[in-house]
Structures are given as structure tokens and as C-alpha cells.
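Student: Chain residues, written in single-letter form:
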Amino acid sequence: MSKQRVKFTFLDDLVKQPIIYRLGQSFDIVTNIRRADVREDMGWVVLELDGDDADIQRGLDWVSAIGVRIDPVSGDVVEG
Amino acid sequence: MSFISGLKCRECGREFPAEPLNVCDFCFGPLEVVYDYATISEVISHDRISSGPLSIWRYQDLLPASGEDPVDIMAGFTPLMKARNLGKRLGLNNLYIKNDSVNPSFSFKDRVVSVASTKAVEFGFDTLACASTGNLACSVAAHSARAGVRSYVFIPWDLETGKIVGAAVYGPTLVSVEGTYDEVNRLCSELADNYPWAFVNINMRPYYAEGSKTLGYEVAEQLDWRLPDHVVIPSASGAMFTKIWKGFNELACLGLLDGVEASSFGPDQNTVHHPAVTTRMHMAQAEGCSPIVSAWANGQAHVLPVRPNTIAKSLAIGNPADGIYAIRVLNESGGTATAVPEPEVVEGIKLLAETEGIFTETAGGVTVSALKSLAESGAIQPDELAVVYITGNGLKTLEAVDSVVNPLSIKPTMRSFEGALNERIGVGG
Ligand SMILES: Cc1ncc(COP(=O)(O)O)c(C=O)c1O
Ligand SMILES: [Zn+2]
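Top line first, the protein sequences correspond to chains A and B.
This note's numbering numbers the first residue of the first sequence as 1 and each following residue consecutively.
This note's numbering numbers the first residue of the second sequence as 81 and each following residue consecutively.
Derived from the structure by calculation, the hints contain no laboratory data.
If you're wondering where the values come from, they're calculated on a predicted model, not measured in any experiment.
Mixed in with the good hints there might be a few duds.
So these bits of chain B aren't anywhere near chain A, every CB distance computed over 12 Å [said to hold, decoys possible]: (1) R306; (2) N389; (3) D463; (4) I505.
Quick look at which bits of chain A chain B covers, simulated, 3 or more residues with Cβ under 8 Å [as the list claims (entries may be wrong)]: (5) 32-44; (6) 65-73.
The C-beta atom is built at its ideal place from N, Cα and C for all residues, glycine as well.
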């Protein structure tokens, strides 16, 4: 079991789909939303995923395959 | 000693102790340093600053680490130079260049890394690390050498040679990752959770980012404690942009600007805006990676991540962490954001080199080209005081300007020389 913090960014129609619900249902992951901002045509959600490593990986692969951008929340990795 | 009282979440306001933390446990928002400005205002003065070292550590009272024995390779206190020739070319009579390309490891990153590595040593870390597209790698490697600690620097495999060599020479463990910068970031986020290392831009980020404020302090000090009417700044994550603004406002609130009354910092230290700070903050990004410019131009409340495709690799962050905060600063200061067409990046590098004798990297090319379009559009008026921040050195991105090399190739004889010259410009024998 492990926990992973991620940020999903959705565009257009993806905003209206119950992606987080399905992620939880289909992959046996507990999803815990910490912060979100969802508007009509775009949105982001910062959440923690709790589950089996393999399940989380499969779940994230599915989320990314439907076109949601996934970023790690290790804060803000700034660059140079 | 340092005058910080802890960390505070930028989103939900929860407070945390001053530890190697960068994310709020509760809402996963970014943490920022909180200062005890009441005490700072009792000790700080122009005299105290000017009697300090000729490095960023002269502003130690406003930095989140102790200046007693900093990890210091003399970052900062770089020249502010009046740019008469470039100014003339652009119709600007009061143009200055803040030449930060002459820092010890040749970019402004030495400012942030000096603060982060000092703090890391203070916390007892024996290893520094970072994910980088180059400038940061060079700086982290250099400061670890100075501090006598180990370092691991992670870079995407396709970096410019100048940055690879410029990091490797200091003896870090250089990790070349088969993947994009984005992927390097992801890897490092995971490593930061599993290794007891000070990742300067991950778990040390709240302290690290504060180092960029010194770019604001120095320009004010070099202008005899006045602020410019305009500044032009290159952005990737947007962190430096927001911190320069914060630096200007701290000076105003502490009464350190000429003719400006001190005032309170109010409830949120990070977004304080003193009414005497009227500098317009202009941001420059390259068109191939301009998510902050797009969001600002479209009036969006989100910064939509992009996949970078730009010659300006040091600015190639597709998902800028401080983008939303930078947009606030753009709006509050009445500034603008410019996306520079890719071909103009190299034009900007050449323009600066040919007019002022300063060789900057691609990030500087972006900045100079943005300045040019601001002058042309009248956003900067001829007599207004403008400062353009040149943050990295041209020797790191030689590949970008290969095309300038077109020598007269001759035999070692005068005849050959004159023949070649004649052919080139129609002069001589
Ligand atoms: C030379 C140079 N200028 C500007 C920047 C942008 O800084 P920031 O990420 O704080 O916006 C970077 C790196 O990110 C850089 O390497
Ligand atoms: Zn929070």
C-alpha cells in the first residue's frame, strides 16, 4: 500500500466526466481531494491516492490515457 | 541568525515550523517563509546593508538562512549598467542592464542556490540535489564543491554541452536521464520522498526561492534606493518574477526606499503591495513555451500546461508552479507579458552582444526581444527608467548562435588576407 499526491488538469469535455469516481471504483484506490478549481472548460484537482502500488499505477495510466494531464505534487519543482 | 518565524501555506494559510518542507500537509499547497519583519525593521538600514559583503549576503536580514557562515561563492552584486547603445537603438534614454550572467556559475541561479545550500547545511544535510535543465545543475554542483558536501544533479540527456560540462567540472554525480525535463522532474519528486537529500528546488524550495528577491534589492540599491519604472524579466516557473516584486515591496514597507514611508506588511506577507511601488513588471517567455503569457493574455484563471518546444531550454517549463502568482503580479503592477517568436530569440542575443558587448544565453535573447517589442509598442516610454534582467551567460548555449561564425579563412599571407577581405566586403587589394 502506498500514498501518492498528484495534480490532474482537465480540459474541455473531460471536466464533466466522473473521472475521479471511476478511478476509485475501477482500480480500488481511495481518492482524497485536497484542493480543486473546476470551471466550465477546464479545471484542476489536487488529490491523494491511497492504494496498492500496482493499482495506483494502473489507475494513473488509465487517467492519462483519457487525456488528463498528471503532475506530481511534490510542490513546485522549479527549474534552472 | 535569521529572522524567520516559520513557514506558511500559500493557499490555506496553515503554519508550519521552519523545516525542510515545501508542501502543506493539509491542502498540498506550496509553503512560503514567514519573517519577523518587526524585528528586521529595528535592525536593518542602508548603512548596515552597504557595510555587508559584496554578495547577496549583504541582504542577509531579509534572507531565510544565517549569514554567519554562508555557502558563498560570491553570488550577486552583479553590475547594473546603463545601456546607451541598445537604448539608442530602441529609442530608450534611460535603459539599464542588470547583468546577472557574470555570477560565479554564470547565471542568476547562484542566488537561489547559495541560500538553499546554506539552509541545507544549517539543517544538517550532507547531500545537495536538483532536477535541472542546466543552469541550476551548474550552480548546485559549484556550491556543493564550496560547501564540501556531495551532490547529485539530474539533467535531461539532450542538454547543451556548455551546461553539461559547466556542471560536471565541479565533480557532482551527474545523472543524465533518458527523458524530457518533465520526466526528470517527476523522477526527482519521487527521489525527494525517498532519499535524505536536500533537493534545492523541491524540499528546500521555500528557502531557495527567496534568493531571487536579491535581484530586486540590488537594482534598488544600485539606483540609490529608487525603483525603476519598468523591469523586463524572463520566466520559466515564474518564481523569480514574483520574488523580484516581493523584494521591491519589502524595501518599501521597511522604509528603505528613498522618500517612501514605512508601512505594515498586512495579513499576507507574500502578496503585500506598498502603494509607492509603481514599477511595471513585464514578463518575457519564448513562444514555444509560453503558458503564463497565454493565460495572462486570455484572462484565464488557470495556467494550462504546455509541452515545451523552444530553443530557450532554460525557460522550458511547461507547467509553471508559480504561474498563477506571477499573473497576480502582472495585473497588480500594470505590467505585460510577451511571447517572443522563436527566431527572435537568437536576434535578441545578437542585438545585445553587438550593442553592449554582453553575451547572453537564450533566456537573455528572449528578454531583449521582449524589451524591443515593449519599446516599439510604446509600453515603455523614451524617458522612463527601464531595467532589463539578463540572467544567464551565452557561453552555455553556444549551439544557438553557431550561425554567427563565418570567418575569413585564409593562408598566412597578406595576399590571401586581402583577397578574402575583398571577396567579403569589396575592400582592399
Ligand atoms: C537563465 C535563466 N533565466 C530565467 C529563468 C527563469 O526562472 P524562473 O523559473 O524563476 O521563472 C531560468 C530558469 O528557470 C534561467 O535558467
Ligand atoms: Zn495549505
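Student: None of the hints should be skipped; say for each whether it holds.
Tutor: Hints, one by one, checked against the model:
1. R306: holds (29 Å)
2. N389: The claim stands: B:N389 keeps its Cβ more than 12 Å from every Cβ of chain A (closest is about 16 Å).
3. D463: holds (35 Å)
4. I505: holds (41 Å)
5. 32-44: Held - the segment 32-44 of chain A has 7 residues with a Cβ nearer than 8 Å to chain B, which meets the minimum of three.
6. 65-73: holds (count 4)
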